[in-house]
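Note that the protein sequences, when read in sequence, are chains A and B.
Residues in the first sequence are numbered from 1 upward in steps of one, following the working numbering.
Residues in the second sequence are numbered from 1 upward in steps of one, following the working numbering.
Worth flagging that the hints you see were computed from the coordinates, not collected in a lab.
Please note: incorrect hints may appear among the correct ones.
One copy or any two copies: either way a pair holds, since identical chains are not told apart in the list.
Said to hold, decoys possible - Straight line, CA to CA, 16 Å or less: simulated EDC-like cross-link-like pairs of lysine to aspartate or glutamate:
no., residue 1, residue 2
1, K197, E328
2, K2, E353
3, K337, E62
4, K347, E275
5, K337, E295
6, K61, D357
7, K337, D91
8, K2, E86
9, K197, E383
10, K2, E89
11, K2, D91
12, K197, D324
13, K197, E136
14, K337, E301
15, K197, E286
16, K312, D91
17, K337, D154
18, K61, D222
19, K347, E89
20, K312, E353
2 protein chains.
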Amino acid sequence: MKIAVLGGDGYCGWATALHLSARGHAVSIVDNYARRQWDEELGVQTLTPIRPLAERLRVWKELTGNTIEVLVGDVTDYDFLASAMEAMEPDVAIHFAEQRSAPYSMIDRQHAAFTQVNNVVGTLNLLFAIREFQPECHLIKLGTMGEYGTPNIDIEEGYIEIQHNGRKDVLPFPKQPGSFYHLSKVHDSHNIMFTCKIWGLRATDLNQGVVYGTMTDEVALDEALINRFDYDEIFGTVLNRFCVQAVIGHPLTVYGRGGQTRGFLDIRDTVGCIELACLNPAAPGEFRVFNQFTEQFSVLELASMVQVAGEKLGLKVKLDHLPDPRVEAEQHYYHAKHSKLMDLGLKPHLLSESLLDSLMNIAMTHRHRVDSALILPKVNWREPRNDRRRATGTLRSMAGAFDGV
Amino acid sequence: MKIAVLGGDGYCGWATALHLSARGHAVSIVDNYARRQWDEELGVQTLTPIRPLAERLRVWKELTGNTIEVLVGDVTDYDFLASAMEAMEPDVAIHFAEQRSAPYSMIDRQHAAFTQVNNVVGTLNLLFAIREFQPECHLIKLGTMGEYGTPNIDIEEGYIEIQHNGRKDVLPFPKQPGSFYHLSKVHDSHNIMFTCKIWGLRATDLNQGVVYGTMTDEVALDEALINRFDYDEIFGTVLNRFCVQAVIGHPLTVYGRGGQTRGFLDIRDTVGCIELACLNPAAPGEFRVFNQFTEQFSVLELASMVQVAGEKLGLKVKLDHLPDPRVEAEQHYYHAKHSKLMDLGLKPHLLSESLLDSLMNIAMTHRHRVDSALILPKVNWREPRNDRRRATGTLRSMAGAFDGV
Chain A
1 MKIAVLGGDG
11 YCGWATALHL
21 SARGHAVSIV
31 DNYARRQWDE
41 ELGVQTLTPI
51 RPLAERLRVW
61 KELTGNTIEV
71 LVGDVTDYDF
81 LASAMEAMEP
91 DVAIHFAEQR
101 SAPYSMIDRQ
111 HAAFTQVNNV
121 VGTLNLLFAI
131 REFQPECHLI
141 KLGTMGEYGT
151 PNIDIEEGYI
161 EIQHNGRKDV
171 LPFPKQPGSF
181 YHLSKVHDSH
191 NIMFTCKIWG
201 LRATDLNQGV
211 VYGTMTDEVA
221 LDEALINRFD
231 YDEIFGTVLN
241 RFCVQAVIGH
251 PLTVYGRGGQ
261 TRGFLDIRDT
271 VGCIELACLN
281 PAAPGEFRVF
291 NQFTEQFSVL
301 ELASMVQVAG
311 EKLGLKVKLD
321 HLPDPRVEAE
331 QHYYHAKHSK
341 LMDLGLKPHL
351 LSESLLDSLM
361 NIAMTHRHRV
371 DSALILPKVN
381 WREPRNDRRR
391 ATGTLRSMAG
401 AFDGV
Chain B
1 MKIAVLGGDG
11 YCGWATALHL
21 SARGHAVSIV
31 DNYARRQWDE
41 ELGVQTLTPI
51 RPLAERLRVW
61 KELTGNTIEV
71 LVGDVTDYDF
81 LASAMEAMEP
91 DVAIHFAEQR
101 SAPYSMIDRQ
111 HAAFTQVNNV
121 VGTLNLLFAI
131 REFQPECHLI
141 KLGTMGEYGT
151 PNIDIEEGYI
161 EIQHNGRKDV
171 LPFPKQPGSF
181 YHLSKVHDSH
191 NIMFTCKIWG
201 LRATDLNQGV
211 VYGTMTDEVA
221 LDEALINRFD
231 YDEIFGTVLN
241 RFCVQAVIGH
251 PLTVYGRGGQ
261 TRGFLDIRDT
271 VGCIELACLN
281 PAAPGEFRVF
291 NQFTEQFSVL
301 ELASMVQVAG
311 EKLGLKVKLD
321 HLPDPRVEAE
331 QHYYHAKHSK
341 LMDLGLKPHL
351 LSESLLDSLM
361 NIAMTHRHRV
371 DSALILPKVN
381 WREPRNDRRR
391 ATGTLRSMAG
401 AFDGV
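The whole structure should be built from the sequences, with the hints applied where relevant.
Printed below as a string of structure tokens:
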């Protein structure tokens, strides 16, 4: 298949592009290097040193003989995206090309508006470009389990049958997203559902859980192919962060009581799920939703697992219960369905000490690169930075970004 | 009370500003005259000649002694909005300042993206400005009944209790909006709900039905105060359009079988509902949703009523069943609750032949201004205009906008 990976220079996008290329698909990457720019803006670096994309792809070709094309540009620029669609003629477009950090979206008004405009306009452009140039193309869109929030009922996969006053209907599952970022994904889901209905587009919305890990079979082939391992408060996901905290002797930063329960998955399952979605496309007009995670954990459970794994490596790991900078329930019911990808054949990599050991070893190897100033949370959901009369329209330097909120 | 009416130069905003000023409130209007610009862009005019805002307000002051301040600017410009909030210090902010036409949002990609960015960013800015400068201010936001679509169950007011697998919760009512405009309102609702939760803002979301009529007690005082009466396919609402069609002898443009059923209200009830919301504010942290309409009708029922009213005036009124340019069910269940505003004391003006007579008389009076080329629908939900490589970032001239879709 001809597959376009939008956002293929990022964390999940890179692993996916290599995985699909290794399976023999003709992969093209569309990226504007925004993820690298945000590191510069925030003054942070991934734990693992990331090579320039051109170098990564040169090594990939040397190792495998497979070429991955790159189209450099921004999906919010329709002229660029239209040209790219005409050049690639993809059978599948996998859309990772969004701002994907909740804390980033909560810094201030400008970052909130940027996140929503960037994500919503990028996705709208992609929908119009598919309709205009490649109407049979299957859109695979990365959503998030965070769209659902934590309702007091079981979370279904996208839709729920509601009985009410003697009648019933199958309706979109109600959404209660918890950040301006998560809201942007809810906006996207509604927009995509609508275009499937009116234009007959075919789409799969993958409501992904929190991803952990950095190694996939392809990434492991060479150091030049290494993937991101973010541990800062803005882009780091919780398990990766805890592993880094453990190896540098920082207490694990549990927010509040740590009862926040979410769905999680190994990045090897991210790429596996996306391959399954490619091989089993949605029908024309179908807006299909899969919940893409393999296990549920509370934050406190993850912290305890890292504690145990750390002690096996001779590390003394403490927990610290910080005031929760987010507005979220610290104890709540959580039971989310996730059978549709299993039904398509997913064989999950469940979290075990052996994986934790390998994560911890990667953290150990690169611990000289850790900037401990990046560990503690500074963005606060209740107190965004005021940004009156600051320059708008461009991403400002974040030097001093969190002063005086 | 100090009341800011954002979008106070538009159809509902103008009537609301006068009504609240007449009740003794200190009213300020914030407007960027976008509504007048869209008329220029589309080459259309309201049936009723609208004076410049400054002249309207001068006459209002002469007649009543009441001053209404005007702040000219765009709510998507945060610097402007912040200054306006500091200057006005409103107790209530009523937010009409959005692009409010479904067909306009369906013209092409650019109009879809403009509508969503304009509406979402304007509302985000307002939420941040209220938090930063006037956190006790009660936000009254105009939503639309179109957010709900036409589910096969009763439509509740914003929330629904769902029983599922032995558990239950009260959750946001699932939304199935039918245009990029309606989607923008769903995005707004989610964003507002979130800020009430995290910042304790107070908000009322008025999911308004289709408004008809043009006269309120205040507008009727002087010809200089006359309100808009749009009959074109982009901004005209169905009953106003049918009245104009009847008086010029054009067959009434019923889309498809005409079974599309919606909630409707008289513009006198729009201003009454908003006054009730002002006088009974939401509590801090509360995101309250009212369904703001008084009666349900199908399009065919409205057409028949106009036919009867027209024949009383000696007009021969025919119906024409056109292919539906929208993607919507032409026969469906529809039963939407609307008791909350009644409970606050709303006394509805129900649709009757006498109102239809007065609407038809207004249409008669101004029928020499009707451009019959504006009657038939040209925007098609299934076939937006392709806009590859057109200039972006500005509203283009719509001369030829609908050619070759």
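Given a CA cutoff of 16 Å, do K337 and E301 count as a within-copy pair, a between-copy pair, both, or neither?
neither (20 Å within a copy, 44 Å between copies)
Between the shortest in-copy and the shortest cross-copy C-alpha distance, which are at most 16 Å for K61 and D357: within, between, both, or neither?
neither (31 Å within a copy, 76 Å between copies)
Please work out whether the CA atoms of K337 and E295 approach to 16 Å or closer within one copy, between two copies, in both situations, or in neither?
Close inside one copy (10 Å), not across copies (40 Å); limit 16 Å.
How do K312 and E353 come out at 16 Å by Cα distance, when the copy is not named: within, between, both, or neither?
within (10 Å within a copy, 83 Å between copies)
Within, between, both or neither: how does the pair K197, E286 come out at a Cα-Cα threshold of 16 Å?
Classified as within; 8 Å inside a copy, 33 Å across copies.
With identical chains, the pair K312 and D91 could be close in the same copy or across copies; at 16 Å between alpha carbons, which is it: within, between, both, or neither?
neither (47 Å within a copy, 60 Å between copies)
Please sort K347 with E89 into within, between, both or neither, judging by C-alpha distance up to 16 Å.
neither (31 Å within a copy, 59 Å between copies)
Please work out whether the CA atoms of K197 and D324 approach to 16 Å or closer within one copy, between two copies, in both situations, or in neither?
between (40 Å within a copy, 15 Å between copies)
Is it within, between, both or neither when you check K2 against E353 at 16 Å Cα-Cα?
Neither, since 38 Å and 62 Å both go past 16 Å.
Treating 16 Å as the Cα threshold, decide for K347 and E275: within, between, both or neither.
within (12 Å within a copy, 59 Å between copies)
Have a look at K197 and E136 and pick one of within, between, both or neither, based on CA distance no larger than 16 Å.
Classified as within; 14 Å inside a copy, 41 Å across copies.
Copy assignment of K197 with E383, given that the CA separation must stay at most 16 Å:
between (39 Å within a copy, 13 Å between copies)
In terms of the numbered hints stated before, the structure departs from hints 2, 3, 6, 7, 14, 16, 19, listed from lowest to highest.
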